[in-house]
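S.K.: Residue-level listing of the chains:
There are 2 protein chains.
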Amino acid sequence: MMKHPDQTSVKAWAQLLKTHRFLLEQVETDLKTAQLPSLSWYDVLYELKCAGPAGLRQYEISAQILLNKHNLSRLLDRLQANGLIRRESCPEDGRGHCVHITDTGTQVLKKMWPIYGSAIQSHFSEHLNREEVQQLSDILLKLMPTREK
Amino acid sequence: MMKHPDQTSVKAWAQLLKTHRFLLEQVETDLKTAQLPSLSWYDVLYELKCAGPAGLRQYEISAQILLNKHNLSRLLDRLQANGLIRRESCPEDGRGHCVHITDTGTQVLKKMWPIYGSAIQSHFSEHLNREEVQQLSDILLKLMPTREK
DNA sequence: GCCATATAGTTGCATATGCAACTAAGCTAA
DNA sequence: TTAGCTTAGTTGCATATGCAACTATATGGC
Chain A
32 MMKHPDQTSV
42 KAWAQLLKTH
52 RFLLEQVETD
62 LKTAQLPSLS
72 WYDVLYELKC
82 AGPAGLRQYE
92 ISAQILLNKH
102 NLSRLLDRLQ
112 ANGLIRRESC
122 PEDGRGHCVH
132 ITDTGTQVLK
142 KMWPIYGSAI
152 QSHFSEHLNR
162 EEVQQLSDIL
172 LKLMPTREK
Chain B
32 MMKHPDQTSV
42 KAWAQLLKTH
52 RFLLEQVETD
62 LKTAQLPSLS
72 WYDVLYELKC
82 AGPAGLRQYE
92 ISAQILLNKH
102 NLSRLLDRLQ
112 ANGLIRRESC
122 PEDGRGHCVH
132 ITDTGTQVLK
142 KMWPIYGSAI
152 QSHFSEHLNR
162 EEVQQLSDIL
172 LKLMPTREK
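Residue numbers (the working numbering), protein chains in the order written: chain A, 32 to 180; chain B, 32 to 180.
Source of the hints: derived by calculation from the structure; they are not laboratory data.
Just to be clear, a hint being listed does not mean it is correct.
What the hints assert, rightly or not - Now the in silico label distances, taken between C-beta atoms and shown as ranges:
(1) B:Gly125 with A:Gly127: 53 to 63 angstroms
(2) B:Asp124 with A:Arg161: 40 to 50 angstroms
(3) B:Gly114 with A:Glu119: 48 to 58 angstroms
Claimed, not checked - Derived DSSO-like pairs: lysine-lysine, alpha-carbon spacing no greater than 27 angstroms straight-line:
(4) B:Lys173 with A:Lys42
(5) B:Lys49 with A:Lys100
(6) B:Lys34 with A:Lys42
(7) A:Lys142 with B:Lys63
To be verified - A few chain B positions that, by computed beta-carbon distances, are all more than 10 angstroms from chain A:
(8) Val41
(9) Leu62
(10) Lys63
(11) Lys80
(12) Cys81
(13) Gly86
(14) Gln89
(15) Glu91
(16) His101
(17) His128
(18) Lys141
(19) Lys142
(20) Lys173
Quick reminder that beta carbons are idealized off the backbone N, C-alpha and C, glycines included.
Model the full assembly from the supplied sequences, consistent with the hints where possible.
M.R.: Shown next, in the form of structure tokens:
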């Protein structure tokens, strides 16, 4: 026997989908207008930047940005073709690759942030007060799986 | 001069993207497992169902589900090819079409809801209390453009 | 060591999306 | 009326995504 959600929950869910779609479109448009790559590129470059010189394995990036491995593989192809990342063979695991951000990649990341940041500001933060931002963040976090050790 | 978002806002924004991606994947998987069509089909069918016998113009659907016209056009192609909707020429406007849901479409919608509903329940509502659901809904709504008359 | 099985990543194919150009019909105003 | 602009919807092309099958290496039991 399946439990079904109440009306309020359904509305909230629908609102989540709709608002997300709306905001994403705004932000992507801002990036495109500034002739910058899309968010998915930013995500990968950002993770690699945070990882530092050690780089990341593909499955780590995959887990981090919630993109499945086949799509990540091809996203990395594109990034590599544009010289923003480098794949190196992995000493500890012959199957895998260590992915590193290149200098060009770092520069692209630097160029993207002002636009991306101000898009977040103007489409998102500007419409909420401190408390709302915090509440939203907390609630969304509760919907994600708890990371077991 | 561009204003930039504070750290908390950026975290909340990132959480929005991530949680959305995570939940969508869960729900789509549930639908696929039950051998049902994807959410985008549901969205269209649902809007048409609500519209009743008068049907909807494509631009109305487009505005409602925030899907641009070219993609909607092809989504409708697929729905029509599967016999779930009907496009009729529009008496008031020779350029446009009136889109109607078929009986088959209504049946598909009916079959989808139990799965979709219980997916919303298990991946979404179940993890939040009443107050959180309401807060989330309200906050998300504030991020959407205010419908001017 | 050797087999079965699991994991990392890639590739082929079908489908979905974004963008720009297009057709066709309505609207406005001289 | 008709010329110029706008709107509704479709189509071609490039790109992105999902799914399943594949290669290659690693791991665990015997």
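S.K.: Decide, holds or violated, for the assertion that all CB atoms of chain A are farther than 10 angstroms from the CB of cysteine 81 of chain B.
M.R.: holds, 12 angstroms
S.K.: Between lysine 173 of chain B and lysine 42 of chain A, is the straight-line Cα distance small enough, at 27 angstroms or below?
M.R.: Holds. Lysine 173 of chain B to lysine 42 of chain A sits at ~14 angstroms (cutoff 27 angstroms).
S.K.: Does lysine 80 of chain B clear chain A by more than 10 angstroms, comparing its Cβ with all Cβ atoms of that chain?
M.R.: Lysine 80 of chain B is indeed farther than 10 angstroms from all Cβ atoms of chain A, at 14 angstroms.
S.K.: Honestly, do glycine 125 of chain B and glycine 127 of chain A meet the 53 to 63 angstroms range at C-beta?
M.R.: holds, 60 angstroms
S.K.: For histidine 128 of chain B, is the shortest beta carbon distance to chain A beyond 10 angstroms?
M.R.: holds, 23 angstroms
S.K.: Going by Cβ atoms, does glycine 86 of chain B stay more than 10 angstroms from chain A at every point?
M.R.: holds, 21 angstroms
S.K.: Verify the CB-CB distance for glycine 114 of chain B and glutamate 119 of chain A against the hinted window 48 to 58 angstroms.
M.R.: Holds, at about 52 angstroms.
S.K.: With d taken as the least Cβ-Cβ distance between glutamine 89 of chain B and chain A, does d exceed 10 angstroms?
M.R.: At about 18 angstroms from chain A, glutamine 89 of chain B clears the 10 angstroms cut-off, so the statement holds.
S.K.: Verify this label for me: lysine 63 of chain B is non-interface relative to chain A, using a Cβ-Cβ cutoff of 10 angstroms.
M.R.: holds, 14 angstroms
S.K.: Verify that the Cβ of leucine 62 of chain B lies farther than 10 angstroms from every Cβ atom of chain A, and report whether the claim holds or is violated.
M.R.: holds, 14 angstroms
S.K.: With respect to the beta-carbon atoms only, verify the hint that aspartate 124 of chain B and arginine 161 of chain A lie 40 to 50 angstroms apart.
M.R.: Because 48 angstroms falls inside the window, the suggested range holds.
S.K.: Given the hint that lysine 49 of chain B pairs with lysine 100 of chain A, test it: the Cα-Cα distance must not exceed 27 angstroms.
M.R.: Since the Cα atoms of lysine 49 of chain B and lysine 100 of chain A sit roughly 16 angstroms apart, the hinted pair holds (cutoff 27 angstroms).
Of the numbered hints stated above, those contradicted by the structure are hints 6, 7, 8, 20, listed in ascending order.
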